[in-house]
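Q: Chains as they are written, first to last, in this note's numbering: chain A, 1 to 250; chain B, 1001 to 1056.
The set of hints was computed from the structure by calculation and includes no laboratory data. Take the hints with a grain of salt, since some may be wrong.
Here are the simulated DMTMM-like pairs of lysine to aspartate or glutamate, each with C-alpha atoms no more than 25 Å apart in a straight line [to be verified]:
1) Lys-1032(B) - Glu-67(A)
2) Lys-249(A) - Glu-1005(B)
3) Lys-1032(B) - Glu-1022(B)
4) Lys-249(A) - Asp-99(A)
These stretches of chain A come out as covered by chain B in the derived footprint (C-beta under 8 Å, 3 or more residues) [unchecked claim]:
5) 66 to 73
6) 85 to 98
We put the beta carbon where it would ideally sit given N, CA and C, even for glycine.
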Amino acid sequence: MQAQFGGTAEAYVRSAGHAGGPDLDRLLEWGRATGQSRVLDVATGGGHTALAFSAFTPTVVATDLTEPMLLAARAFAASQGMTTIRFLGADADALPFRDASFGVVTCRIAAHHFPAVPPALRQVARVLLPGGSFLLQDILGHDDPELAGFILEVEKRRDPSHVRSLSRREWTDCLTSAGFTVIEEAIVTKGRPWEEWTGRMRMSAEARAHLDRFVLDAPARCREAFSFTVEDGRIRSFADRMVLIRAGKG
Amino acid sequence: MIDEELRSILACPACKGDLLFEEARIICPACKKAYPIRDGIPVMLIGEAEPWTPAA
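If we strip away everything but chain A, and leave its shape as in the complex, we get:
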C-alpha cells in the first residue's frame, strides 16, 4: 500500500475524479447540515475532501497511511490557500484520537484499499461524538458474482492495493455491526476516462496492454454493466458507480 501510493501521490492530487463532482457536492451538503463540527477525513489521499470541508469548518484533521501522500496533500491545500488542515500519519484500523473527538468523519473513495473494513468502522464509531455523522463514499461493489469478479480484476490489475469494493448490502451490514444507523444513501455514477484512469497508476505498457486485452475479451455483459466505450478497438472510458452513505452513530 505504502509502496503503491508513495510514487503516485502527485497523480492523486491532480486526479479530476477525486477533486470534485456531484459526489463530493453531496458529501458537502450532508456535512454543512451538521454545522460547525470538528471534521476528521480518514485516508485523505490527495486531500480534496479535507480541503472542501475546511472551507466551512474551522477544524479539519486529515489522516493517511502514507507520508508522501500527506506531504502532497498538504502542499496541494497550501497551494489553494489553506494552511490550517492538520495532517497526520495514521492507520484507519488504529486511529490516534480520544473517544468522541469529532462531529463528522469522512472517508471518500478509500475504503476499497482497507485490508478489512469492520475494524476501521469500529474506530470511526469510537472517535465520533454521540449523534455525529459518518460520511462515506466508495466504489460500489456488485452482488452479481460475474460482474463483481470482472471489475475486481480490472481494479487489481491497475492497482494491486485495491482490496475489494463492498456492495450496498455489505455496507449496511458492516455499518450496523459497528453501531451505525444508515440515514441516507445515494448512488452516483462517475465517468472514468481510460487514459487518465490507467495512467494515474503508472502501469507498464505491457501491464496496460494486458489490462486492455482482459477488458476487450470479457463477456459483453461485463463491459455493458460498467458502460465501457470502445472505439476502433481502443477503450475510451467506463463508469464506476459510487455509493454515498450518511450514517449516524447510535
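Given chain A, work out where chain B should sit, using these hints.
A: Then chain B, alone, in the frame of chain A:
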C-alpha cells in the same frame, strides 16, 4: 508544532492513552513508544514508533 486543539484530541493509536508532546516526537508513556514528527507531520503509526524509556 502540535497545537492545543490537536493535543486535546490526540491519543496513542495502540492503547488510546495520554501522550507527552515533545518538539520532534510524541510519546506514549504507557506503551513506552515514541512516535516521530517528520516534516511537521506527526506519524502516529504503530509500526513507525521507536522504543522509549523515561529519563531516570
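Q: Now, for every hint given, state plainly whether the structure supports it.
A: Against the structure, the hints:
no.	hint	in the structure
1	Lys-1032(B) - Glu-67(A)	holds (23 Å)
2	Lys-249(A) - Glu-1005(B)	holds (23 Å)
3	Lys-1032(B) - Glu-1022(B)	holds (14 Å)
4	Lys-249(A) - Asp-99(A)	holds (13 Å)
5	66 to 73	holds (count 3)
6	85 to 98	holds (count 11)
In the structure shown, no violation is registered for any of the earlier numbered hints.
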